[in-house]
Amino acid sequence: MAAHPQPTSAMQVVLGAIQLPRNWRLGFGPILAAIVLVLIVIATASAYLYVPHNPMSMDALQRLKGPSETYWLGTDPYGRDLFSRVMVGGQVSLLIGIGAAIVSVIIGLLIGLVSGFFRLADAIIMRIMDALMAIPSILLAIALVALNGPSIWSVIFAITIPEIPRVVRLVRSVVLSAREEPYVEAAIALGSSMPKILWKHLMPNTLAPLIVQGTYICASAILTEAILSFLGAGVSTEIPTWGNIMAEGRLFFQIKPELIFWPGLMLSLCILSINLLGDTARDLLDPRLKKREA
Amino acid sequence: MLGYVIRRILAVIPVMAIVAVFVFLLLRLTPGDPAAIIAGDSATPAQLERIRESLGLADPLHIQFVTWMGQLLQGDLGTSIISNQPVTRLIGQRIWPTLQIGTLTILLSVLIAVPLGVLAAWRHRTWIDYAVMTFSVLGFSIPVFVIGYLFIKLFAIDLRWLPVQGYTSPSQDLQGFLSRAVLPCLTLATIYIALIARMTRASLLEVLGEDYVRTARAKGVKEHIVLFRHALRNAAVPIMTIIGTGFALLISGVVVTESVFNIPGIGRLTVDAILARDYPVIQAMILLTSAIYVFVNLLIDLSYTLFDPRIRY
Chain E
7 MAAHPQPTSA MQVVLGAIQL PRNWRLGFGP ILAAIVLVLI VIATASAYLY VPHNPMSMDA
67 LQRLKGPSET YWLGTDPYGR DLFSRVMVGG QVSLLIGIGA AIVSVIIGLL IGLVSGFFRL
127 ADAIIMRIMD ALMAIPSILL AIALVALNGP SIWSVIFAIT IPEIPRVVRL VRSVVLSARE
187 EPYVEAAIAL GSSMPKILWK HLMPNTLAPL IVQGTYICAS AILTEAILSF LGAGVSTEIP
247 TWGNIMAEGR LFFQIKPELI FWPGLMLSLC ILSINLLGDT ARDLLDPRLK KREA
Chain L
62 MLGYVIRRIL AVIPVMAIVA VFVFLLLRLT PGDPAAIIAG DSATPAQLER IRESLGLADP
122 LHIQFVTWMG QLLQGDLGTS IISNQPVTRL IGQRIWPTLQ IGTLTILLSV LIAVPLGVLA
182 AWRHRTWIDY AVMTFSVLGF SIPVFVIGYL FIKLFAIDLR WLPVQGYTSP SQDLQGFLSR
242 AVLPCLTLAT IYIALIARMT RASLLEVLGE DYVRTARAKG VKEHIVLFRH ALRNAAVPIM
302 TIIGTGFALL ISGVVVTESV FNIPGIGRLT VDAILARDYP VIQAMILLTS AIYVFVNLLI
362 DLSYTLFDPR IRY
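If you're matching them up, the sequences are chains E and L in order.
The opening residue of the first sequence carries number 7 in this note's numbering; numbering runs sequentially from there.
The opening residue of the second sequence carries number 62 in this note's numbering; numbering runs sequentially from there.
So here's chain L without its partners, still in its complex pose (with noise of 0.2 Å):
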């Protein structure tokens, strides 16, 4: 078991090396100048110069290869160009709103997306399955802003149960970062509960024709515990696993939610970052990301064991 975790925590570090290579070799493989493609085309001479002094773009590739991976493994994620703060700062200053955001929408999603899947697979071929499987290609289909227009068109203008926009830090004042923060959080967890209830009711379709679970009511054993004790621990980790997959897609809601809804997180850092061709803080949300999701998957795939006893590695 332990070899196991300490296998699965050093594959880690192929892939994100490579990501890291990556994303190096983007800028500079990019055909064209690099700082000029950074800069845009009203650049002066001075402008470039400065770009391509910060970004040590003059040197042979290797040399800045190993100045990069160097200052990327002291934790240096370089400097915005538009700001001149270095990037580390910036995300420090602007991940707390995306935390708290992208953790509500976690609880709330696998609340609700567990137990519609459960639903959905023990009415089988119902009017409840065909609802929830309607609402989970509906997730699919409509695009995240969109939704989140929907609701604010729906919640806030028309019926004026909550704000538009915004957001308050919950330190301040925790019913006004409650009351910002629903919308912004159902949005975000719309095509994530498709994702997983789709993913929960597909599985545990699979686990209640098993005759355990026959066994299990034929004893006498009370429904729910059939299905959430018997059943769902035994369907859990497809089920898991799509959480962990899925974990992308909130990445890239998080990006979209956070500037329909005029939240200060990395999301709309990385926004600002676009329209303003700030390259380096691109650059640093992709290994953000990244190490975040493959840190998620991780954990993921080290918590099969709780839930299914019979993994051993």
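Bound conformation, chain E alone (with noise of 0.2 Å):
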């Protein structure tokens, strides 16, 4: 592999990884998803200003009903509007998705710098890694909710802890290749400070897999907020998401299954999209996984 040129900024770092390949063009896959995720995040994100009824105002007379002028969706068993519950409902599941994301990169790429760079350190990193990697994530989320409560940060925390050492694992394994690069090397040599090269060299090459990992992770944490909602172990049921419309649905799916397919669609949408997303960043992004996958 040819040397790394010295990177200045993230931004140049991201965009210099980047190598299209020779006959590459944006398929139509990939246009759609990003087209249908603006669209999902653009609804969900202004739905107090257009949603027809309170997502939490209920009415007993108007239980269970079917479509209709006033209820686009038809309502649910509390008499509440399916639609202006399943735009809300959009809101906290991309703020989970999203935040899920954010948090485990940051962490995981902390522990994975130290990890990949101190001997000492690793061995123990690794292990503790290994053993919360065999814990099957959904009980481990589910068991760190139950501790802390049903808020959207405990849900957060509990989505991100077992999706850190996927983290880590991946800037470990950055960071040991490029450490041994000439001004890697030459950084240290120079007397550099430790936390200088870990930032300033050694991080940005990180940063390229970090976005595909993380958009993978804001997929798998969307879908983990609907399982951990839908078990019972989610976000408080006051605050509706996608996932606590489908769980509320289920005692009356054989009467009414669109309070499930509904929400099921849009996040099955949401996440489809991102999935596709993830897989072209990780084409553009990182060649050499591309050539084995194709």
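Worth double-checking, as some hints may not be accurate.
What the hints assert, rightly or not - FRET-style restraints, in silico, Cβ to Cβ:
#1 K206(E) x R294(L): 40 to 50 Å
#2 M200(E) x Q226(L): 53 to 63 Å
#3 W159(E) x T164(L): 36 to 46 Å
Quick caveat, the hints were computed from the structure, so don't treat them as lab data.
All of these numbers come straight from a predicted model, not from anything done at the bench.
Don't be surprised by glycine CBs; every beta carbon is placed ideally from N, CA and C.
Take each chain as given, in its own frame, and dock them per the hints.
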């Protein structure tokens, strides 16, 4: 492998990592995925501006109504407007997805840098990460939410912890190969301080793979939030999230399957487009992986 | 070889030990009074005291740890706060449905996913390949319970081919068991098939470009023998690895699927424990599933030599 040119800014590193394959062109899939995702984000973020009903206000007379002009997708078992709830519910689901991705990438990056650079710390950290990876993530998240309560931050925390080992492993492997580069050896020989070497010379190498990993974590966090809510271990049921709406629809599934299918459709579209964009980002930022998969 | 097997088995011990320490600390390091967290807001002082007593929370941390580890090593996973029964007995009563459904799912997944992946690699860049890849991406993107409810709506409610929910023991009524197991198994298998098919395809594509595959084809070996004997066998190691790591997905899938289909297995036990805030049961399930995961991956690691005799330790 050719020596990495000394990167100056983080953005430059990411852009520099983009090596377009010779006959590469943006396919139909990724463009569609980007459009769908942007639409979902705008529609949910601005939901309170246009939804026809208060997503929380109950009306006993309007329970489980079918679609009508007032209630576009009908109502839920408490007489709340399903359309308003699905659109507003996306806010918390997306917030949890993005929050979990950012937090796990940052924590994983810090631990991974230390682990990749210091041999002694590495041995201990990797044993802990191995053990953490052996615990099925849903069960670990369930236990964390059970202990910390059903707040949004507690759910983000619960989803983050099982994701961290994967980020740590990724960062560590990048650092392990980058630390053999001449410019890193030069920096060590020149007596640069350890934090400076880690942050200025090694960290930028991890950015491209971390962006890819971050998108996958975001998708899986949204999925995990839904599963946690579905199992009764998610965000408090007073807050509408896609998972909570589906969880409440369970008992009435045979009467009104839309209660699960509409939020399920939004959720799946969202995850599908994030995953497709993640694949595209991986092809762009990490051509070596592309070769193996294609 | 024997040395490797022993070393690999011994390597399980630190992992499980750290998992145990982790599970122990999880409850104790949570801010606030653990007994109050477990008992919930409406607990009376007497209930709090009983929980503190049963978990030994009054002792200093290191004594708690020694007691807890001692009990764990004797196979004592604690006592359920709700039913007051030993957790091991609860698990023992509920494990059979889960094992049956789980085994069927793994068989089904491998039997479907591997040929699917081989087919996609064989017919690379044709509609078959794209269809398999699309299915694979979809399988990752739809939550497992939504898949379950879609199947119920389609096959049980609309077409009336199969029962909606429930479980029958195979020793009592094999046909009843199978008809009720089809949908949960398919539901659970979807994501697993997506994962394995994707890896089979990728791994086989790499192998199909090798010289020995060209040689085999050139000397007129039948195509299915080239694919399944020459290529698949050499592509087996990454596929086995993904079957092992994907096992974690299967475990979380079991928890969800059992509550969708109302199956009285250990997944349902876990969900009931979450709703009742029965922390000892949740804790035991973490330990049990981690142990199963580690054990399955140990077996898979050891089986590599069967698939690829070049691997010698």
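Tested hints:
1. The beta-carbon spacing between K206(E) and R294(L), approximately 47 Å, falls within the hinted interval of 40 to 50 Å.
2. About 59 Å separates the C-beta atoms of M200(E) and Q226(L), a value consistent with the hinted range of 53 to 63 Å.
3. Separated by about 39 Å at the C-beta atoms, W159(E) and T164(L) satisfy the suggested range of 36 to 46 Å.
Going down the numbered hints, you'll see the structure goes against none, and every one checks out.
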